[in-house]
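Number of protein chains: 4
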Amino acid sequence: MTHTRDKAGAMEERRGQRRTTDERWRTALTCIEPNKILVRGYPLDEVMGRLTFGEAIYLLLMGEVPSPALGRLMEAILVSFIDHGVTPPSTLAARNTATTGAALRACVASGILGFGRYHGGDIESCMQFLDTGLDLVRQGKTYRDAAHEIVQRAADAGEIPPGFGHRFHTRDPRAARLFQMALELEAEAEHIQMIRAVENALHEKPGKEATPVNIDGAIAAVCGDIGIPPAIANALFLISRVPGIAAHADEERVRQQPMRQIDPKDHIYDGPSERRLQERRK
Amino acid sequence: MTHTRDKAGAMEERRGQRRTTDERWRTALTCIEPNKILVRGYPLDEVMGRLTFGEAIYLLLMGEVPSPALGRLMEAILVSFIDHGVTPPSTLAARNTATTGAALRACVASGILGFGRYHGGDIESCMQFLDTGLDLVRQGKTYRDAAHEIVQRAADAGEIPPGFGHRFHTRDPRAARLFQMALELEAEAEHIQMIRAVENALHEKPGKEATPVNIDGAIAAVCGDIGIPPAIANALFLISRVPGIAAHADEERVRQQPMRQIDPKDHIYDGPSERRLQERRK
Amino acid sequence: MTHTRDKAGAMEERRGQRRTTDERWRTALTCIEPNKILVRGYPLDEVMGRLTFGEAIYLLLMGEVPSPALGRLMEAILVSFIDHGVTPPSTLAARNTATTGAALRACVASGILGFGRYHGGDIESCMQFLDTGLDLVRQGKTYRDAAHEIVQRAADAGEIPPGFGHRFHTRDPRAARLFQMALELEAEAEHIQMIRAVENALHEKPGKEATPVNIDGAIAAVCGDIGIPPAIANALFLISRVPGIAAHADEERVRQQPMRQIDPKDHIYDGPSERRLQERRK
Amino acid sequence: MTHTRDKAGAMEERRGQRRTTDERWRTALTCIEPNKILVRGYPLDEVMGRLTFGEAIYLLLMGEVPSPALGRLMEAILVSFIDHGVTPPSTLAARNTATTGAALRACVASGILGFGRYHGGDIESCMQFLDTGLDLVRQGKTYRDAAHEIVQRAADAGEIPPGFGHRFHTRDPRAARLFQMALELEAEAEHIQMIRAVENALHEKPGKEATPVNIDGAIAAVCGDIGIPPAIANALFLISRVPGIAAHADEERVRQQPMRQIDPKDHIYDGPSERRLQERRK
Numbered sequence: 050m051t052h053t054r055d056k057a058g059a060m061e062e063r064r065g066q067r068r069t070t071d072e073r074w075r076t077a078l079t080c081i082e083p084n085k086i087l088v089r090g091y092p093l094d095e096v097m098g099r100l101t102f103g104e105a106i107y108l109l110l111m112g113e114v115p116s117p118a119l120g121r122l123m124e125a126i127l128v129s130f131i132d133h134g135v136t137p138p139s140t141l142a143a144r145n146t147a148t149t150g151a152a153l154r155a156c157v158a159s160g161i162l163g164f165g166r167y168h169g170g171d172i173e174s175c176m177q178f179l180d181t182g183l184d185l186v187r188q189g190k191t192y193r194d195a196a197h198e199i200v201q202r203a204a205d206a207g208e209i210p211p212g213f214g215h216r217f218h219t220r221d222p223r224a225a226r227l228f229q230m231a232l233e234l235e236a237e238a239e240h241i242q243m244i245r246a247v248e249n250a251l252h253e254k255p256g257k258e259a260t261p262v263n264i265d266g267a268i269a270a271v272c273g274d275i276g277i278p279p280a281i282a283n284a285l286f287l288i289s290r291v292p293g294i295a296a297h298a299d300e301e302r303v304r305q306q307p308m309r310q311i312d313p314k315d316h317i318y319d320g321p322s323e324r325r326l327q328e329r330r331k
Numbered sequence: 050m051t052h053t054r055d056k057a058g059a060m061e062e063r064r065g066q067r068r069t070t071d072e073r074w075r076t077a078l079t080c081i082e083p084n085k086i087l088v089r090g091y092p093l094d095e096v097m098g099r100l101t102f103g104e105a106i107y108l109l110l111m112g113e114v115p116s117p118a119l120g121r122l123m124e125a126i127l128v129s130f131i132d133h134g135v136t137p138p139s140t141l142a143a144r145n146t147a148t149t150g151a152a153l154r155a156c157v158a159s160g161i162l163g164f165g166r167y168h169g170g171d172i173e174s175c176m177q178f179l180d181t182g183l184d185l186v187r188q189g190k191t192y193r194d195a196a197h198e199i200v201q202r203a204a205d206a207g208e209i210p211p212g213f214g215h216r217f218h219t220r221d222p223r224a225a226r227l228f229q230m231a232l233e234l235e236a237e238a239e240h241i242q243m244i245r246a247v248e249n250a251l252h253e254k255p256g257k258e259a260t261p262v263n264i265d266g267a268i269a270a271v272c273g274d275i276g277i278p279p280a281i282a283n284a285l286f287l288i289s290r291v292p293g294i295a296a297h298a299d300e301e302r303v304r305q306q307p308m309r310q311i312d313p314k315d316h317i318y319d320g321p322s323e324r325r326l327q328e329r330r331k
Numbered sequence: 050m051t052h053t054r055d056k057a058g059a060m061e062e063r064r065g066q067r068r069t070t071d072e073r074w075r076t077a078l079t080c081i082e083p084n085k086i087l088v089r090g091y092p093l094d095e096v097m098g099r100l101t102f103g104e105a106i107y108l109l110l111m112g113e114v115p116s117p118a119l120g121r122l123m124e125a126i127l128v129s130f131i132d133h134g135v136t137p138p139s140t141l142a143a144r145n146t147a148t149t150g151a152a153l154r155a156c157v158a159s160g161i162l163g164f165g166r167y168h169g170g171d172i173e174s175c176m177q178f179l180d181t182g183l184d185l186v187r188q189g190k191t192y193r194d195a196a197h198e199i200v201q202r203a204a205d206a207g208e209i210p211p212g213f214g215h216r217f218h219t220r221d222p223r224a225a226r227l228f229q230m231a232l233e234l235e236a237e238a239e240h241i242q243m244i245r246a247v248e249n250a251l252h253e254k255p256g257k258e259a260t261p262v263n264i265d266g267a268i269a270a271v272c273g274d275i276g277i278p279p280a281i282a283n284a285l286f287l288i289s290r291v292p293g294i295a296a297h298a299d300e301e302r303v304r305q306q307p308m309r310q311i312d313p314k315d316h317i318y319d320g321p322s323e324r325r326l327q328e329r330r331k
Numbered sequence: 050m051t052h053t054r055d056k057a058g059a060m061e062e063r064r065g066q067r068r069t070t071d072e073r074w075r076t077a078l079t080c081i082e083p084n085k086i087l088v089r090g091y092p093l094d095e096v097m098g099r100l101t102f103g104e105a106i107y108l109l110l111m112g113e114v115p116s117p118a119l120g121r122l123m124e125a126i127l128v129s130f131i132d133h134g135v136t137p138p139s140t141l142a143a144r145n146t147a148t149t150g151a152a153l154r155a156c157v158a159s160g161i162l163g164f165g166r167y168h169g170g171d172i173e174s175c176m177q178f179l180d181t182g183l184d185l186v187r188q189g190k191t192y193r194d195a196a197h198e199i200v201q202r203a204a205d206a207g208e209i210p211p212g213f214g215h216r217f218h219t220r221d222p223r224a225a226r227l228f229q230m231a232l233e234l235e236a237e238a239e240h241i242q243m244i245r246a247v248e249n250a251l252h253e254k255p256g257k258e259a260t261p262v263n264i265d266g267a268i269a270a271v272c273g274d275i276g277i278p279p280a281i282a283n284a285l286f287l288i289s290r291v292p293g294i295a296a297h298a299d300e301e302r303v304r305q306q307p308m309r310q311i312d313p314k315d316h317i318y319d320g321p322s323e324r325r326l327q328e329r330r331k
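Chains as they are written, first to last, in my numbering: chain A, 50 to 331; chain B, 50 to 331; chain C, 50 to 331; chain D, 50 to 331.
Hints may contain errors.
As a list, the in silico BS3-like pairs of lysine-lysine whose alpha-carbon atoms are at most 25 Å apart [what the hints assert, rightly or not]:
| id | chain 1 | residue 1 | chain 2 | residue 2 |
| --- | --- | --- | --- | --- |
| 1 | B | Lys85 | A | Lys314 |
| 2 | D | Lys85 | C | Lys314 |
| 3 | B | Lys314 | C | Lys314 |
| 4 | D | Lys314 | A | Lys314 |
Here are the computed distance ranges between Cβ atoms for each label pair [unchecked claim]:
| id | chain 1 | residue 1 | chain 2 | residue 2 | range |
| --- | --- | --- | --- | --- | --- |
| 5 | C | Arg324 | B | Ala259 | 49 to 55 Å |
| 6 | B | Ala259 | C | Asp319 | 38 to 44 Å |
| 7 | B | Ala118 | C | Gln305 | 41 to 47 Å |
| 8 | B | Glu72 | C | Lys85 | 27 to 33 Å |
Facing chain B, according to a computed beta carbon distance under 10 Å, are these residues of chain D, among others [unchecked claim]:
| id | residue |
| --- | --- |
| 9 | Ala151 |
| 10 | Ala152 |
| 11 | Arg154 |
| 12 | Ala155 |
| 13 | Ala158 |
| 14 | Ser159 |
| 15 | Leu162 |
Everything labelled a hint here was simulated from the structure, so no lab data went into it. Cβ coordinates follow ideal geometry from the N, Cα and C atoms, glycine included.
This is chain A alone, in the form it adopts within the complex:
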């Protein structure tokens, strides 16, 4: 169809008429010309060495170069998911693919496909959950009352609110760190206030063990406060998980026999003991 319209357009042009609207399909991401690549308008060779990968990801997805504070939050968000050991199903899908001798790209694709409803989707759900609470605030409720109401709704549906609790961790160290950075970088706003209120509301529920905010929740709140929409937050999540999946696929290939049966519980960590970053890095 486009094709037909195009020919018609070409004909009109030959007749000296002007097409009022260009009916080609449009993209605003990257302009390619001979010897020139403009990402959101910036020459890519100029971006190299001047923006970090995290800043360039923000530029590509959001359209503008981030402020230094936003850039630091982006890096922290991307780093926070870089790996979570051998037991996530996405990692195991990648390792089971790697043990067959498959190419790295097939292992990575297989791993990415393992972010289903129960695994990795909490950032988007939590952003929607927080927005429901913020709608109540905008209607005049206090943060405390709004939080109690949405927590109760989740409890009535038999659910833990998305962004809270963890299979392994009773206190997710990454969430604490991200909130601290948001505070220092003065990025805190209503979403973080809302998630704090929800955490308190969960705490106050009688006869329940604590389900503190996890890294999904922290990222959801921070992304909400810095204006990143849920779909882009989800893209950041996928981007951040790829290095870990690739690292496991590569380690499987290098250290293990092909075609092995992988029992996720039967492993041992033999990497370096706990160590600290050198001071200059802090």
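Assemble the complex: chain A is given as a structure, and chains B, C and D must be docked to it using the hints.
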């Protein structure tokens, strides 16, 4: 089988004997304990805000925190592939998946699978190509003679050496920028010397138009000189392509009608005109 | 966790106690023993040559050997989706993957991922749509009234009912054929009666062009009537699409140049002209 | 580019000139017209109910309706791989994807990606291996001498010939069945003769345990003898594995808790005991 061995091990332990070797399978990437995530030994919450995403990727894949110079090269390498517009087949596979309403992870997986023999594999091939030349140098040949020999071998096989030439660009601006950074950061060594020699050898061939080094070749040479093995260079390539694929899948979802027929040649760029980074960024 | 329980179980066994429940995880599909493969209890070598692929698929997914009539419907359902030319986005994702020189498995995976919300999901949705109508019938409504009610609900939501209408065909020849077979094989029941009522209800709506039932709708109704649940119907759909995707990926590899730009509208069919099956086949 | 040529072509047509060659790209698989779908020339609605799925797959991939004997071999080949229990890595990749709540298509894609170098590639390799032997026969060697020579070459490379031996089975019942069918259907020719000679040559090697031909080898030999090229044999393999992968993904969803840790060795089969097909089926 491991299972049986484990029970045997457990039995020995109860008998007060020690297992001489632990037969669990091993991983050196990330250690997960309650409320603690150690990536290559470093607490992940401490890495957040202290290493960039690019530096953390190097840490995860190579095992150590990169020097500042290595870190800057990593960022530049990762940025160099962040997007190449709508026409690469990997991007089109992702857009064709996105137009069906598929989840972002499915679009990204589909895009990654489009790095086949003819698309994206040149970094690894070029590293092997350069190593063949460097083997000749180690056997006593000059760089010039070694380069002429491997270029001739490629010509005899009817091939352009991997890492040279480009569908769109006669001079790849990203390659020039990466070599400049490697020079400034004093990371130049034998692989870059070899690729320069190959570029000269190609130049000297009579009756041929120039096929200058492209970004794959530049990354291959730089990775060779900073000690990144081919498989890890390939992992970096995959990681670096994911943001672009995700951005196109998201743009397809947001700006286009579902179930459209995508003609890659019938598009127009409507993003910002060429612009420059602010001085403070340089 | 299973592991810990298992060790405890092993210990009990050594103590001469019996485990009351086996806590291993369970599968009912296929039993593998040395030199023996039992699919749903049947030796696979005995199934070979005795059941067709379509019958064996039914056996594997549904647990029992189909009756001859059910077997014939299975074959027809699987055949009905075997290919739909070059323009479906799933096929284009596979071709865009194939043009990069990717392995066939990567092309097929990429194609399968292109069955998103708007492409290939209508069988499941239509089954749910028909069941909504049948619930109304069970509550005492006539088929006619139930059909009008659910058609109106779809119209109120601005939607065409799933399983009706087609981008290319005003009358889907595959749907007619499948209904005819269901009639001949005496497999017609309430779902087909319901979809007929819906088709009539759509027909009676004033000022609308006809949106006749398509092959998704026909399969949904037939699957409903022969007791195939929606998730299995969806599995049948995926299985039936793989040969077409593989055939296009292979044709792309054999007949086209690598790394081409694929315009879906710019193709021409150069295969055999229309021909008929020999009589003995009918 | 094609686009530009097309406009030029359109212009020529308007000028009353004829384009000597149509430069649109070509496909010979399926012709789509309003209300008509021709697969290799046959109306798809006519194929439904007249050809089985296996016969239609042959038609689509090979271009012609198979003879009844070829059709029966196709069905047997497709049935032979329909499932191999829970332990193949491809199945485990699919189950690890399914446990995350991912869509069936994502699970199937993930499973298909697990056919890497060491898993599922033996049909193509074995066809090439047999062809090497048949080249020697054509040069005047006996089958016996040719077999000994290619077996020795494999042994010198430290390899078991592709298509021989199995992780679980010392005698693959599917291979025996397929050879029996090829004999009964008079499809035996030089490839089966060659693989028999190889089996004997392996048998005669002193001090070695037997590595009998497996199902990959049997399919390779039969496909060779009925004129199916290696790439199409590989497509048949992928098609035949999809129902099993889908069945495991569905069983994982239905019978297991989400987000479980899947130990492939810790399972038990709880399906029907061994049973026989009814006589009418034989």
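Going down the list of hints, with the structure as the test:
1. Of the supplied pair hints, the one linking B:Lys85 and A:Lys314 holds, its CA atoms being roughly 18 Å apart against a limit of 25 Å.
2. Between D:Lys85 and C:Lys314, the direct Cα distance comes to roughly 18 Å. Compliance with the 25 Å bound is thereby established for this hinted pair.
3. Using a Cα cut-off of 25 Å, the hinted pair B:Lys314 and C:Lys314 holds, with the two alpha carbons roughly 12 Å apart.
4. At roughly 12 Å between alpha-carbon atoms, D:Lys314 and A:Lys314 fall within 25 Å of each other, so this suggested pair holds.
5. The hint said 49 to 55 Å for the Cβ distance between C:Arg324 and B:Ala259, and at roughly 53 Å that hint holds.
6. Judged by the Cβ atoms, the range 38 to 44 Å given for B:Ala259 and C:Asp319 holds: they are separated by roughly 39 Å.
7. Taking 41 to 47 Å as the suggested C-beta distance range, the pair B:Ala118 and C:Gln305 conforms, at roughly 45 Å.
8. Evaluation of the 27 to 33 Å hint for B:Glu72 and C:Lys85 yields a pass: the beta carbon distance comes to about 29 Å.
9. Interface restraint check: D:Ala151 against chain B, minimum CB-CB distance 8 Å, threshold 10 Å, status holds.
10. About 7 Å separates the beta-carbon of D:Ala152 from the nearest beta-carbon of chain B, less than 10 Å, and the hint is met.
11. With a least beta-carbon distance of about 7 Å to chain B, the hint placing D:Arg154 at the interface is held under the 10 Å criterion.
12. At a threshold of 10 Å, the smallest CB-CB gap from D:Ala155 to chain B is about 6 Å, leaving the interface hint in force.
13. Checking D:Ala158 against chain B by beta carbon gives a least distance of about 7 Å; that is within 10 Å, so the hint holds.
14. Satisfaction of the interface hint for D:Ser159 is found here, the shortest Cβ-Cβ separation to chain B being roughly 8 Å, below the 10 Å cut-off.
15. Because the closest C-beta pair between D:Leu162 and chain B is about 8 Å apart, less than 10 Å, the hint holds.
Hint check: no violations occur; every hint is consistent with the structure.
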